[in-house]
Amino acid sequence: MVIVEYEDIKKPVLSIKEALVEGRWKLDGTEPFSMGDIEEGFKSCDHTLEGELNMGGQFHFALEPLSSRVHPIEDGYEVSATTQWASEVQAAIAQVLDTEVSSVNISVRRIGGGFGGKISRCSLVASAAALCAWKTRCPVRMTLTLNEAMALTGGREPFLAKYKVGFGSNGRLMALDLDFITDGGFTRNEVAALIGTLWLPSAYSCPNIMVRPGTVTTNTAANTFMRCP
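First residue of the sequence shown: 140, per my numbering; consecutive thereafter.
Hint data in this document are derived by calculation from the structure and do not stem from the laboratory.
There may be inaccurate statements among the hints.
[As the list claims (entries may be wrong)] In silico EDC-like pairs for lysine to aspartate or glutamate, Cα to Cα no more than 20 Å straight-line:
{"#": "1", "residue 1": "165", "residue 2": "318"}
{"#": "2", "residue 1": "301", "residue 2": "170"}
{"#": "3", "residue 1": "303", "residue 2": "318"}
{"#": "4", "residue 1": "301", "residue 2": "178"}
{"#": "5", "residue 1": "150", "residue 2": "161"}
{"#": "6", "residue 1": "301", "residue 2": "191"}
{"#": "7", "residue 1": "303", "residue 2": "176"}
{"#": "8", "residue 1": "165", "residue 2": "191"}
{"#": "9", "residue 1": "303", "residue 2": "191"}
[Said to hold, decoys possible] Pair by pair, the computed Cβ-Cβ distance ranges are:
{"#": "10", "residue 1": "142", "residue 2": "174", "range": "48 to 56 Å"}
{"#": "11", "residue 1": "141", "residue 2": "242", "range": "21 to 29 Å"}
{"#": "12", "residue 1": "202", "residue 2": "340", "range": "30 to 38 Å"}
{"#": "13", "residue 1": "143", "residue 2": "166", "range": "29 to 37 Å"}
{"#": "14", "residue 1": "276", "residue 2": "341", "range": "48 to 56 Å"}
{"#": "15", "residue 1": "237", "residue 2": "282", "range": "22 to 30 Å"}
{"#": "16", "residue 1": "198", "residue 2": "340", "range": "23 to 31 Å"}
{"#": "17", "residue 1": "226", "residue 2": "169", "range": "25 to 33 Å"}
C-beta atoms are modelled at their ideal positions from N, C-alpha and C, and glycine is treated no differently.
Given these sequences and hints, build the entire structure.
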């Protein structure tokens, strides 16, 4: 049994706007993404619009839960895992057990739905099962309930976009100034603001763009990929 005691407990930060008030925003990448001349672009526009777009998060809801079985063998471990990234699970177990990657044998059957939720998150379950198997020298299987998975693994990040857009009388898009903010959860390890920004020109033809992609941290589970990075 592990007993955890918390001290200096503060009000949790649970949303992007709460995190912005706390100053938890950080730019993704080294500088804003820009194309053309944003100031000149707005000067040439006949109309401008400003606003915000909020999008909530989304959980994967795969039919098959996150699960791993670890069996100690003579020269290592046989591992069966519900993962989309077998080599990541292999490396995570090797790191937790301080052993060679070659001693961890991974097998993956057809998974019952992944949608991005089993790219990296199965490493958490597999590593915990591997640690128990190492300690007991017995086969160990670990499976998360849906409630446990939702509390632990996160999902698609919530987004907040603050935008100013300029366009001509003919409806042609001429300028876009955008703060593109995602909620990474308690860490920024798998965030999509920068990736989404780099894909932006492929969706809309706009000669003048300024985007500041950033991520806030909140007191929630770290979020991860959903359907795509």
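Consistency of the hints with the structure:
For the hint pairing residue 165 with residue 318, the CA-to-CA distance comes to about 12 Å; that is within 20 Å, so the pair holds. Between the alpha carbons of residue 301 and residue 170 the distance comes to roughly 18 Å, so the proposed pair stays at or under 20 Å and holds. Between residue 303 and residue 318, the direct Cα distance comes to roughly 9 Å. Compliance with the 20 Å bound is thereby established for this hinted pair. Under the criterion of a C-alpha separation no larger than 20 Å, the hint pairing residue 301 with residue 178 is consistent with the structure, at around 17 Å.
The straight-line distance between the Cα atoms of residue 150 and residue 161 is roughly 11 Å, inside the 20 Å bound, and the hint therefore holds. As the CA atoms of residue 301 and residue 191 are separated by approximately 5 Å, the hinted pair is consistent with the 20 Å bound. Of the pairs offered as hints, the one joining residue 303 and residue 176 holds, with about 14 Å between alpha carbons and a cut-off of 20 Å not exceeded. Proposed proximity of residue 165 and residue 191 is supported: the alpha carbons are some 19 Å apart, at most 20 Å.
Our distance criterion of 20 Å between C-alpha atoms is met by residue 303 and residue 191, whose separation comes to about 9 Å. The hinted range of 48 to 56 Å is satisfied by residue 142 and residue 174, whose Cβ atoms lie roughly 55 Å apart. Residue 141 and residue 242 have their C-beta atoms about 27 Å apart, which keeps the hinted 21 to 29 Å range intact. Remark: the range hint 30 to 38 Å for residue 202 to residue 340 is upheld by a beta-carbon distance near 37 Å.
Taking the beta carbon of each, residue 143 and residue 166 are about 33 Å apart, inside 29 to 37 Å as hinted. For residue 276 and residue 341, the Cβ-Cβ distance of about 53 Å falls inside the hinted range of 48 to 56 Å, so the restraint holds. Taking the beta carbon of each, residue 237 and residue 282 are about 25 Å apart, inside 22 to 30 Å as hinted. The beta-carbon spacing between residue 198 and residue 340, approximately 30 Å, falls within the hinted interval of 23 to 31 Å.
Distance hint check: the CB atoms of residue 226 and residue 169 are about 29 Å apart, consistent with the given range 25 to 33 Å.
Of the numbered hints listed earlier, not one is contradicted by the structure.
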